[in-house]
Amino acid sequence: MKKCWLVLILLVLTACAPWVKVGGDYRAEPENYSVTLPEGWMKSNTVTGLLVTRDGVLLQTIRVGRFNVDQELKNTRKKYSRNMLPQEMADVAIDNIKSDPLITNFKLLESSPATLSGIPGSKIVYEFKTKEGQLRFKCIHYEIMSGEWIYGIWYRAAARHYFDKDVQTFETVSQSFRLLRP
Amino acid sequence: MKKTLPLFMLLLTALTLLAGCETTSVLPVRGGSSSSFQMEGDERRLWNRSEEEQKKLERSDLLYRNEELVSYVNEVARRLHPAEVHQQIAFRIVVLKNPLLNAFAYPNGVIYVHSGMIARMENEAELATLLAHEMTHVTHRHALQQMRDLKNKAAFMATFNVLTLAAGGVGSLASLLGQVGTLAAVQGYSRELETEADTEGFGLVVAAQYDPAETGKLFLRLKEDVEERKIDEPFFFGSHPRLQERIENYEKLQTLHPGKGGMKNEAIFSRKTSTLWLIDADQNISAGNYNIAQREAERYLSQKPDDAHAHFLLGEVCRQRNEQGDLDKAMDFYRKSIGQDPSYANSHKALGLLHLKKGERPQAKEHLQQYLILAPQAQDRAYVLEYLKQCE
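Residue numbers (the numbering used here), protein chains in the order written: chain A, 301 to 482; chain B, 1276 to 1667.
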């Protein structure tokens, strides 16, 4: 009986932990995607969507998620629309980042076509500094549109050391991305 | 003993409150040897902190570093106070690249003005009004007063909380306010300080021979901006007094000098600030504020009708706004841009894309090829190569 309680408590504690260890296949049925996560990374239980890190959110994160095409964006009044070309989608994403009041020194390094789950989309690579800490981050952002949803995979890491260290891991994750119901 | 307890508690409360309070009344910096400015200890710390924050801003890409414009706005500021005041406070005006309407002063005399604010002004008298207001916050040491007021209120709240901890219902009132309520109650310049900055600033503008009738126009433009962006309150000058109250405040001040007239310096103002209009238009396009961007680009073209970049920005406004008839208008603007400057690469790309969307492949191919010739290192080269494949 005592053992049962112990197991139950452990289960509850694991479920409530802000970070849990992940690795391997990850299926997000409600969000309609699957992805293969790197072994030994930690997943946040406190944010919407999927966010994983190995060394901490300030050092590197991989985020996967989707939002409705009609959803208002945080920093710009621009919106996505269903007939947009991948480059036009990328331009909206770039303007949303550029208009973020919390970042400075935004620099677009690359904007190019890409595919996720066989769907043509966009890839942007950029750098920025945080307004507060003056930390320099480098990011990659893949994006596709499927029906009324925009799916995205983001990689953000400290530009010094960490970005290069985990960029290949991120590319592997992005290549594993699949829509469950295309 | 029981009778003396309430009296003792009252005395203790009064003593605790008095010990925690500092005077918020400080003398303004007026200039002249008789009233030389003596900085106080906590004020020195406030200045030091300001300098630290300014260093961060200096390192960022947020500053608009156009020397001609920066020296012009500083020259306007210099005219607003006698030299003795400038000797005591080294005023410095810095322009920030930001389309929001805002301006703020650090207690050490460094004043930040958003590019969007300047881009919305029409003459030097309006700029002088803004600067005079912010300079008054500095000369009247409003930041110091605010900090002391905040400390006093915090001391009061701490004392209040301690004393009311065991007081049941009264204590819960403080808890109800919570952090947000407490901050809302004590944060920002008070209505009195803002009104003082309005009144004193207005006096400086009039003394510098600017037209008093121009001073309130700033707020009308602010009102337009609030309506355009569909926001509830402007950031400009803090939130007190509210916009309408401020408009009324300036209207009252203007009645003191009916029909006085004075300098506006519209022409020089336009000449010195016009580059900001396009920078601001570009930022407003990114933020999706298309109508504001359109006005700014049109205003620039009214001064410089041959500018290829301004025509391109108008094309971008129309293409991205994409309302009825906008795409045709966009094509016209891109063509005008290329007409003014055939080597303007971005207009070729935009025109090529619109032709491609319309299924006009030969024209699309021509412009997209031209884009890659003019901008061989373009970051979006891979996209354009894909479009060119679609043109075959």
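No lab work stands behind these hints: they were computed from the structure. Mixed in with the good hints there might be a few duds.
Listed next, the in silico EDC-like pairs over lysine to aspartate or glutamate satisfying Cα-Cα at most 20 Å (straight line) [said to hold, decoys possible]:
| id | chain 1 | residue 1 | chain 2 | residue 2 |
| --- | --- | --- | --- | --- |
| 1 | A | K398 | B | D1336 |
| 2 | A | K429 | B | E1327 |
| 3 | A | K423 | A | D391 |
| 4 | B | K1664 | A | E388 |
Facing chain A, according to a computed beta carbon distance under 10 Å, are these residues of chain B, among others [unchecked claim]:
| id | residue |
| --- | --- |
| 5 | S1335 |
| 6 | R1340 |
| 7 | I1554 |
| 8 | Q1558 |
| 9 | G1563 |
| 10 | L1631 |
| 11 | E1635 |
| 12 | Y1662 |
This one's a predicted model, so the numbers in the text were calculated from it and none came from an experiment. Backbone N, C-alpha and C fix where the C-beta goes; we use that ideal spot for every residue, glycine too.
Restraint satisfaction for Q1558(B) [CB to CB of chain A, less than 10 Å]: 8 Å, holds
Does the interface hint hold: is L1631(B) within less than 10 Å of chain A, judged Cβ to Cβ? Given a least distance of 9 Å, the restraint on L1631(B) holds.
Is K398(A) within 20 Å of D1336(B), Cα to Cα? 12 Å, holds
Restraint check for K423(A) with D391(A), where alpha carbons must lie at most 20 Å apart: Answer holds: K423(A) to D391(A) is near 11 Å, not above 20 Å.
S1335(B) as chain A interface residue, shortest Cβ-Cβ below 10 Å: 4 Å, holds
Holds or violated: I1554(B) as interface residue toward chain A, Cβ cutoff 10 Å? 13 Å, violated
Below or equal to 20 Å on CA atoms is what counts here, so check K1664(B) against E388(A). 18 Å, holds
Next pair to validate is K429(A) with E1327(B); report whether the Cα-Cα distance is within 20 Å. Holds. K429(A) to E1327(B) sits at ~18 Å (cutoff 20 Å).
Given Y1662(B) as an interface hint, is its Cβ closer than 10 Å to any Cβ of chain A? For Y1662(B), the interface hint holds, since the closest Cβ of chain A sits about 8 Å away, which is under 10 Å.
Given G1563(B) was flagged as interface, is its beta-carbon under 10 Å from a beta-carbon of chain A? 3 Å, holds
At a threshold of 10 Å, is the proposed contact between R1340(B) and chain A supported by beta-carbon distances? It is violated, given that the least Cβ distance between R1340(B) and chain A is near 14 Å, above 10 Å.
Taking the least C-beta to C-beta distance, is E1635(B) closer than 10 Å to chain A? With Cβ-Cβ at 16 Å, over 10 Å, it is violated.
Consistency note: the structure conflicts with the earlier hints numbered 6, 7, 11.
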